[in-house]
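A.B. asks: Please construct the entire structure, taking both the sequences and the accompanying hints into account.
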Amino acid sequence: MKVTIDGQEIDVEPGTTILQAARMIGGDLVPPAMCYYSKLKGSGGKCRCCLVEVSKGSEADPRPMPKLVASCVTGCMDGMEVNSSASPRVEEARKSVTEFLLINHPLDCPVCDQAGECDLQNLSFQHGKSQTRFIEEKRTFEPEDIGDKIQLHMNRCILCQRCVQLADQLCDGRVHGVMNRGDHAQISTYITNAIDNEFSGNMIDVCPVGALTDKTFRFKSRVWFNKPYNAHRNCDKCCGKTTVWMFGDEIQRVTARKDEYHEVEDFICNTCRFDKKDVKDWVIEGPRKFEKFSVINRNKYALNAPKVEIKTEDQILLGRKEDQKKISMVKVPLNNTNDNSKS
Amino acid sequence: MGTKILLDKINIPGIKTYEVYRANGGYASVEKALKTLTPDEVTEEVKTSGLRGRGGAGFPMGLKWSFIDKKSGKPRHLVCNADESEPGTFKDRYLMEYIPHLLIEGMITSSYALGANLSYIYIRGEYMWVYKILERAIKEAYAAGWLGKNILGTDFSLDLHVHCGAGAYICGEETALIESLEGKRGNPRIKPPFPAVSGLWTNPTVVNNVESISAVPWIVMNSGEEYAKIGVGRSTGTKLISASGHIKNPGVYEIELGLSVEEFMNSDEYLGGMMNDRPLKALVPGGSSVPILPANLIYKTAAGEDRLMTYESLSDGGFATGSMLGSGGFIVYNDTTCIVRNTWNFSRFYHHESCGQCTPCREGTGWLEKVLHRIEHGHGRMEDIDLLWDIQSKIEGNTICPLGDAASWPVAAAIRHFREEFEYHIRFPERIKNRDHFVNEPFEKVRNLV
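Here the protein sequences line up with chains B and E, keeping their order. Everything in the first sequence is counted per the numbering used here, starting at 82 for the first residue and increasing by one. Everything in the second sequence is counted per the numbering used here, starting at -7 for the first residue and increasing by one.
Keep in mind that the hints were calculated from the coordinates and are not lab data. Heads up, some of the hints might be wrong.
As the list claims (entries may be wrong) - Pairs of lysine-lysine, BS3-like flavour, derived with a Cα cap of 25 Å:
#1 E:Lys183 <-> B:Lys83
#2 B:Lys176 <-> B:Lys219
#3 B:Lys122 <-> E:Lys176
#4 E:Lys124 <-> E:Lys1
#5 B:Lys122 <-> E:Lys240
#6 E:Lys183 <-> B:Lys122
#7 B:Lys357 <-> B:Lys322
#8 B:Lys120 <-> E:Lys183
#9 B:Lys137 <-> E:Lys176
#10 E:Lys183 <-> E:Lys63
#11 B:Lys120 <-> E:Lys176
#12 E:Lys66 <-> B:Lys148
#13 B:Lys322 <-> B:Lys308
#14 B:Lys339 <-> B:Lys296
C.D. replies: Spelled out as structure tokens, the structure:
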């Protein structure tokens, strides 16, 4: 089937979604996705970030679709023409979704552990507005302890439900889910339950924001101060292929390896993630690169500062002149000490 | 007096019981369908009738039936949507409470047409007493041999269950209803696949409203052609209207589609005019989710024609001057009504009922409600009106299910037609604190911001 996205044509297999086709082409036309996760079955369609405009349905039915469609759950048709980043309508929709996501999300990137690798941060970087129109009080939740490995910060959750789907598909006996409705909805565990499963740590990796973070890494470092390396070990539970995040010689964090769309290549077990923090546990393969434009890369690829030439002699002479001025300065008369003595 | 299809037997004493219902011609359509018609012929009759879904969307019912996947070899299901939760709508409750066997008869005939051997009535949790009435009626139908194995000695078997929901508006959306029926959280599914291909337990499923299914026995008995003769144009047959608000005779009425709004409002047979003869200010013709109409657009369309109780006339061809027939929740407001308060009230409902699955609905409905709450309580800013407009326009059309549209339309229409009232609230917050304002001052004075 032939599909054209933003003027670029590609051949795809039947059953391919628009988002998948866009990712095959790559570049700026790839719609952002907060809830879609290619490794999780049935994900997508919820966040509405990936809305695109279908200007031609197919060769058989060329009528355009009246509404914007979620590209992650809409299948390609032969001859379909899609406008993604080239469409002002799509751009407006993405801006509005970003605004909606940010109205209740605390803008606490400076203290959030996810800062630098947060999909919402990237989304707002690309589609956000400089000012909020939301003057009401943000929705907040009581802190909740969901187990010894994962920290839940519900205020930051955007209800993408990736963690729930992951637990459904990867863990034995899911003990957490979505409670309540609307913007009162929250991720929580069933009463008296804690998340304790060998693969539960992957919930941290699939969380696009800082709602689920690693308790063993929390507040230890900012990610841009870490050096990520590909590493592996023999593991009987998972593939053992990970990224270790090092600060000097210390492994501060272990995560699964993520691709350019921040999706893990293989899920890893909790033993690899939480318990193997010694360099001897791992075979370090080499530094890991981040291909995708993201906030984390901003520091790594900053513009070079202009080189400053200091002419030593001139500076010294200038300093001497300044000193001479100070020395030769007329003394400021002191206050009348007599008056003071009188008082 | 118009033709009565659904409510013609409602006043017969004891019609709730099987014996009385049967003695008055009940279950005749099942006999006729099972003994003389093939399933496809029943579907064809419904198609010919032009009956449009009475739940609110108005999609042709026969066409919906024809979409069901018969080639897959999977079991098929009919699910009756009795999750009537739209504010201002209470017609299905009336039917189920007073003549429950009519729905059961419709379910059997419709299930036969669809080839469904396991059907459900999904009823909202708040209708517990109606649930018990239906349970009893189903038990009676089983005892009389209308349900169960080999009905009337034919090959057709049907099991019918009533499922009580937990009380969520979103479960009235067909895919959320199916999720809930499967025992999951009532979240709408992404379409496609549509339920006709993959519905309940991934089997082909048709979801129809109580009123739509209750009309099937009449169509089978009298032919689709006869049904199509009632009504106007593509709006055929009769429609139940649940009328409430500032009118003399609130209640459930069965009208022939095509009746003029003016006649429905003012004739003694129907609503009998305005309560206490106060001036008419606005009207919501199809339940809280449809746009509100101002007084000047209630009886006449923008083109100057009489506004009729039809899908087409009420929607005014899709222009902003129209509304929708929707579910038939006819809410009438007199001049003492505060439109801002009313809009806030609706918005509060949609905020509470949003399932929270998709971003624009989850966050947008809450934002709308908060801004409206502020305006209503005297803390509004002039830019809030444009902000409301902007928020609602960004929810509309961008959500998984129509709840987002339902939340945005009332706000859009209220601002479009009653912007002065919003401005009045913002400019004179101290007057708004005293709710007597809208009772003591004439509406025109409010509109002119005097």
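A.B. asks: It remains to establish, for every hint, whether it holds in the given structure.
C.D. replies: Hints, verified against the model:
no. : hint                  : result
1   : E:Lys183 <-> B:Lys83  : holds (23 Å)
2   : B:Lys176 <-> B:Lys219 : holds (19 Å)
3   : B:Lys122 <-> E:Lys176 : holds (17 Å)
4   : E:Lys124 <-> E:Lys1   : holds (21 Å)
5   : B:Lys122 <-> E:Lys240 : violated (55 Å)
6   : E:Lys183 <-> B:Lys122 : holds (16 Å)
7   : B:Lys357 <-> B:Lys322 : holds (12 Å)
8   : B:Lys120 <-> E:Lys183 : holds (21 Å)
9   : B:Lys137 <-> E:Lys176 : violated (36 Å)
10  : E:Lys183 <-> E:Lys63  : holds (20 Å)
11  : B:Lys120 <-> E:Lys176 : holds (23 Å)
12  : E:Lys66 <-> B:Lys148  : violated (32 Å)
13  : B:Lys322 <-> B:Lys308 : holds (17 Å)
14  : B:Lys339 <-> B:Lys296 : holds (20 Å)
When held up to the earlier numbered hints, the structure conflicts with 5, 9 and 12 and fits the remainder.
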